[in-house]
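**Q** Residue numbers (the numbering used here), protein chains in the order written: chain A, 3 to 340; chain B, 15 to 336; chain C, -13 to 342; chain D, 600 to 1103.
These aren't lab readings, by the way, just hints derived from the structure by calculation.
Check before you lean on any hint, since a few could be wrong.
Just some of the chain A residues that point at chain C, by a computed CB distance under 10 angstroms [said to hold, decoys possible]:
1. 155
2. 157
3. 250
4. 255
5. 259
Straight-line distance between alpha carbons at most 30 angstroms, and here's what the computed DSSO-like set of lysine-lysine pairs gives [stated by the list, open to error]:
6. 73/C - 59/C
7. 919/D - 220/B
8. 822/D - 220/B
9. 96/C - 14/C
10. 186/C - 198/C
11. 309/C - 321/C
Note that beta-carbon positions come from the ideal geometry of N, C-alpha and C, so glycine has one too.
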Amino acid sequence: MTTVAPSRARRIADLVGRARELGIVVALALVIIPTAFVNPRFVEAQGIRDLLLNASVVAVLAAGQTLVVVTRNVDLSVGSTLGLSAFLTAQTFADHPDTPIVLGLLVGVGVGLVCGVVNGLLVAVGRVPSLVVTLGTLYVFRGVDFALAQGTQINASNLPDELLDLGNGRLFGVPVLVLITLAVVAAAALYLRSYRSGRDLYAIGSNPEAAVLAGIPVPRRVFTAFLLSGAVAGLAGALWVARYGTVDAAAGTGLELQVVAAVVVGGVAIFGGSGTVVGAALGALLLGTIASCLVVLRIPAFWQQAISGALLIGAITVDRLLALRLARELRGRSDHDA
Amino acid sequence: MLERFARWETALVALLVLVAVVGQIRTGGAFLDGGNLFYLGLDIGEVALIALPLTLVVVSGEIDLSVASVLGLSSAVIGELWDAGWTLEAILPTVIVLGAVCGAVNGLLVTRLGLPSLAVTIGTLALYRGLALVVLGDRAVADFPSSFTDFGTTPVPGTWLPWPILLCAVLAVAFAVILHSSSFGRSVYAIGSNEEGARFSGIRVKRVKLTLFVLTGAMSALAGIVYTFRFSSARADNGVGLELAVVAAVLLGGVSIFGGRGTLGGVLAGVLLLGGLRNVLILDDVSTEILTVVTGLLLLVSVLAPALTARVRTSSTGRRSP
Amino acid sequence: MTPRPAVTTLVLLLSGAVALAGCSGTSKNSAQSNAPAAGSTGAADPNAKIKEGLKITFLPKAVNNPYFTVAQKGSDEAASAIKAELKATGPSEASASSQVTYINTAAQQKQNALVLSANDANAVAPALKTARSQGVKVVTFDSDAAPDARDVFVNQATTQEIATIQVKMIADATGGQGEIAILSATPNATNQNAWIEIMKTELAKPANAGLKLVETAYGNDDDQTSFQKTQGLLQAHPNLKGIISPTTVGVAAAARYLSSSEYKGKVALTGLGTPNQMRDYVKDGTVKSFALWDPSKLGYLAVYAAGALASGQITGAEGEKFKAGDLGDYTLGAKGELVLGPPTEFTASNIDQFNF
Amino acid sequence: MDLPQEQPLVVLDRVSKSFGAVAALTDVTLALAPGEAHALLGENGAGKSTLIKTLAGVHRPDSGRVLVDGAETRFSGPADARAAGIAVIYQEPMLFGDLSIAENVYTGRQPLKTGRRIDTKAMHAHTAALFDRLGVALDPVRPARGLSIADQQVVEIAKALSFDARVVVMDEPTAALSAREVDRLFDVVKVLRAQGTAVLFVSHRLDEVFALCQRATVLRDGKHVWDGALEGETPDGLVRRMVGRELSALFPKQDTTAGEVLLDVRRLTREGVFTDVSFQVRAGEIVGLSGLVGAGRSEVARAVFGIDSVDAGEVRVNGKALKLGSPTAAMASGIGFVPEDRRQQGLVVDASVERNVALASLGRLSRFGLLSRGAERRLAQDWAIKLSIKTARLGAPAATLSGGNQQKVVLAKWLSRRPSVLIVDEPTRGIDVGTKAEVHRLLSELAGEGVAVLMISSELPEVLGMADRVLVMHEGRLVDDIPRADATEERVALAAAGRPGVVS
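So that you can see chain A by itself, here it is in the shape it has in the complex:
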């Protein structure tokens, strides 16, 4: 157990850890630069703003999802949570046009929190697999949404201008929505990186049994992860209203798969333990950018979905190969004992 050639093992681990974020940035460049050549508008201010705006809702959801996925769980109900929160937020504004914006956003967050509590209780206390629980609540939340909406739609004209400005306004040329997204991603990243309870989430996902032995309150932490994921999805719902101005009960249907895809492309291990919020957010940006590029490059719309799917599979394959490589390197390095 003498010297373990520390710098080398560390370097490899670091490289693989960062390779993911670097890789996405490179991929982004590979996608954007040729597109910009073909169509310079793509990288003008409006084009860049649109790219960021398109990715922002998914990026926010991906940040919340990361908290759950690193604990070896998954939250498939985010799309429905977003829909429910979007509708209730919009309705609050439509019924009470004088509602302060912050209060309205809090309504969204509150709705999300309630959904998160339901998921969290079922998973952490009921000890039921999260995949099944959140698949169930995916239906339940959406059903409640339909029941509340009763086929109505809330339009931009019913919503206060301040809210819509939030979705379209800019601060120093950057859309406010993008700033909010950055704030959420930064907060989640900070939490996961620099707080004890955040690190606990990684520990739980990395080795649940050891987490119990290490005295980590596993159920409470998992509950918190779902709670936060719900709250973030709720906030995303409120942002959705601000961005699109039109909300009916179907808002955000099917979004969960996009979010999981973004998280996975972003390098978060689907079985927990590793991955970063920044990676997940970059994953969302990459997927959104590719979709936009295909439109701009006038690639038939029909190809877009196939390309996203192929990309997702490519990403997890590369990940897996890198992980195997890393494992081999680490194993080689610790057989030293000379």
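Fit chains B, C and D to the supplied structure of chain A, relying on the hints for placement.
**A** Chains B, C and D alone, transformed into the frame defined by chain A:
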């Protein structure tokens, strides 16, 4: 003996009976009417066909979310080939082989590269649906001869039984035999309960799993054929979102998402329960949103109930071993 | 252990199942046409009174679509006028096949008539035929089913009128010069595809020679998708001068994007939209004019037609006449088609008179 | 050395704990005084693990009290035990592979800076300082994944040091360590004792126990048998207390004449795991494979059976070359393999006994792929009787059986295939003494019937008593091949420590 009563399958059958009785009363006898049962059968046909192989996949501890996309892809290919002048007799086997290939891609990614099937099939969910759009685009092909579409729209002569359900029943027997009475099925359970243990017992884990994914692909393609003929409409977006309904039915049928546990009978009861409940609620003019909520709640109950009874049982007898 | 035999058995069974489907070669060219239409039975009695207590099912494309919520209001009015029992039901997502269950249920419930807007003209046809064979009268509105699968189709306006007015509006807004694009609903939407065909003919006319259609995009009648497709169109075509969106969801999303972007006022937008959704954009100058019929009147007329059918006043043959309450007299056109009337053009000057 | 006379730090007072019908601990009392190194002795399955987990707060005792500093305490979880100053170092440490070493040391107790943020720099510095104290050079920043068991143990010890634990429990810490590492560990323990820490030391190596500890407690079958000062005690006396009978009563290997070479392993290499391993096992022979945990013994067995792939070398069974990397091929050639981890590898614990017995014979039990349940049941009944498997019914899940009976089910699974080569990995780990003797008799009978048996075991007496020859591995290489006559505890231990053949 008591355990037998506490089994989830028993509860499911009881629920089914309850739904049938209440449905019959609430709808004034319309529920168990032959005509209604025919429609009920049509409605659950595709879900049942896909649920059969998916049960085996989930018992083996994996999952396949790409099933509905394979259905869509096969429907799109049927349309495209039909437009290109192929005969249906040539198209149908081609499509089933295509489905098997889709399944093989899933299976190879899972077994050869060791990727988690959840992530892989979320990817192929998008990929196969995307390919369906590439193949058929925005077109809808509808001019199939009635000799074929009748398969999806008429009952077996002299009965109320829809043809797809007859097909499904035959295949259900085959799958039940495979899962419950064959050495292959025994391997599937062993892999699902303890993959390592299965490997140490000489079971070819990778090959079994690959076979299951191929079967699932082929059956999804078959469901695509049924779907296409039932609506006499080949479209790229056929069956969007159906994967959740199938997974819900399988889980409701008592199959453990972690593998190793579940029966085909339970899954069929799950399919019937979801379909029957839906049918009763629609007949009774209950609104759609309630349907969605009920589906979700049933799913939650299906996992909560066993978890809770298990906990009650262990707390009464104590844990077995450290 | 040997998994082989079991699997072989299954593969055989699967192939058997396929073989079961047919024996001789059946291709597109050899196939005979579908069975002849069920056709109208019996003769119309123009003097028959509309029966009371008719049971009618109202089936929109999806229950949460605001357009149909408005149409349903009209149908409720008509139903209370003819003392019919109207039941609105339907799927929560507008997929091609989801309506079939509800059609079957209507037949099962022995409804007198079914009023629906078809998600897919062909996918609903077999179920509709079965329903008709069980005595259910079928009226389609807004979006037709295969003509041999229904009795009457209530068209909002003729296809020609709808296409023409939109081309006229975009020509006005762009000054008749420049590239234009279309933002449609789903790629399979029957209505939109028919309108787009005629729009293309219109655009080919010398009067519209300055307009060049560069792309047709599909927003899938989904707000977010339509929104992003609008973005894509503008980026892909730097010289784009105008967009036509012949769908209420698409036009609202496109307007919303334009009004918040740099393209506001530079790129013209028109199409089919509801006054409530579009009011702000007309007032802030994003949109000069758009068109639509009144969906509630459409629902009203459809229910009256259903009542007339179920009471034997009409059978769906060309030339038959009936009185549709407040809307007055209507005459059936070819293939059992009724036309509500010309679409209304909404501009800043008249939009405040409408509320739907 | 004087016994510490102060008040004990921790006392387990007449603690009992059972799992279902199995009583793991019955009225066990244990007291740990400050500054003492206390040995906990007992055979596998005597209840040591349960006792440790009770101290660690993982298990709550059914009856009895836990006293900390004389006050009765209830641990509602591991966090409580840790808060009370009790650190447990498990035999196979439980680390978080994805997290850095430093984070593993400071899980839940990371040093903080302003805003309650984790002070990563300080954490790395503290960890490096701990490793300095231990005299090891591990990089605090690298992830724990891929560390050797010895290194993982060091991380665990650093963790215990980091929160100034007053009671440190070490569960067979030396099993995987080289002699030099053991010396270093003992130095660390002395430092701990000097600080007034109590060390509870679990080991099968009695020489280490005598070198390190002042007092000992012996458990047998979950009961407290003896405790007292080690001064004046002899290893033999302790073993008698642990086993409860004379050693000679065990290990009834009959003498057989070795026949044909049935298993011939030639220059087998798996990079980074084992290198250039060659040996033969003949019909009627029991060959022991000995060595420290982690020396590569189980890995060789796994490779021969085809679970893991190899990079070089070949295996011949009955003279024919075996296709490597395929358990199916290994089974077809006549190899049976009773793996190390019974619950994870040997059994499908959720499945019934009969299904487990039949699991390796599915092909033979079915026709056209259809399984005959009658044949399956007959097979299971047959072997349940032969091996006297004690179970309420054959349909009961294997999880409900005791460890010994579970092991018999695994044996039945392989014996029903009539193997010509049987590899058994730790065949008697964690099973009771009676069953243990049955397993030994069975292996001996098999050899008598001409089966070639390769037995991997960490229990030296078992290896010495059963094996015709003893192979010893050290760090992935086969270092010694000792005939029965020359096999002594000392020689095997020296070879395992990397110094073969230096017996005086």
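**Q** The structure should be examined with respect to each hint, and the outcome stated for every one.
**A** Verification of the supplied hints:
{"no.": "1", "hint": "155", "result": "holds, 4 angstroms"}
{"no.": "2", "hint": "157", "result": "holds, 5 angstroms"}
{"no.": "3", "hint": "250", "result": "holds, 5 angstroms"}
{"no.": "4", "hint": "255", "result": "holds, 7 angstroms"}
{"no.": "5", "hint": "259", "result": "violated, 14 angstroms"}
{"no.": "6", "hint": "73/C - 59/C", "result": "holds, 12 angstroms"}
{"no.": "7", "hint": "919/D - 220/B", "result": "holds, 26 angstroms"}
{"no.": "8", "hint": "822/D - 220/B", "result": "violated, 46 angstroms"}
{"no.": "9", "hint": "96/C - 14/C", "result": "violated, 36 angstroms"}
{"no.": "10", "hint": "186/C - 198/C", "result": "holds, 10 angstroms"}
{"no.": "11", "hint": "309/C - 321/C", "result": "holds, 19 angstroms"}
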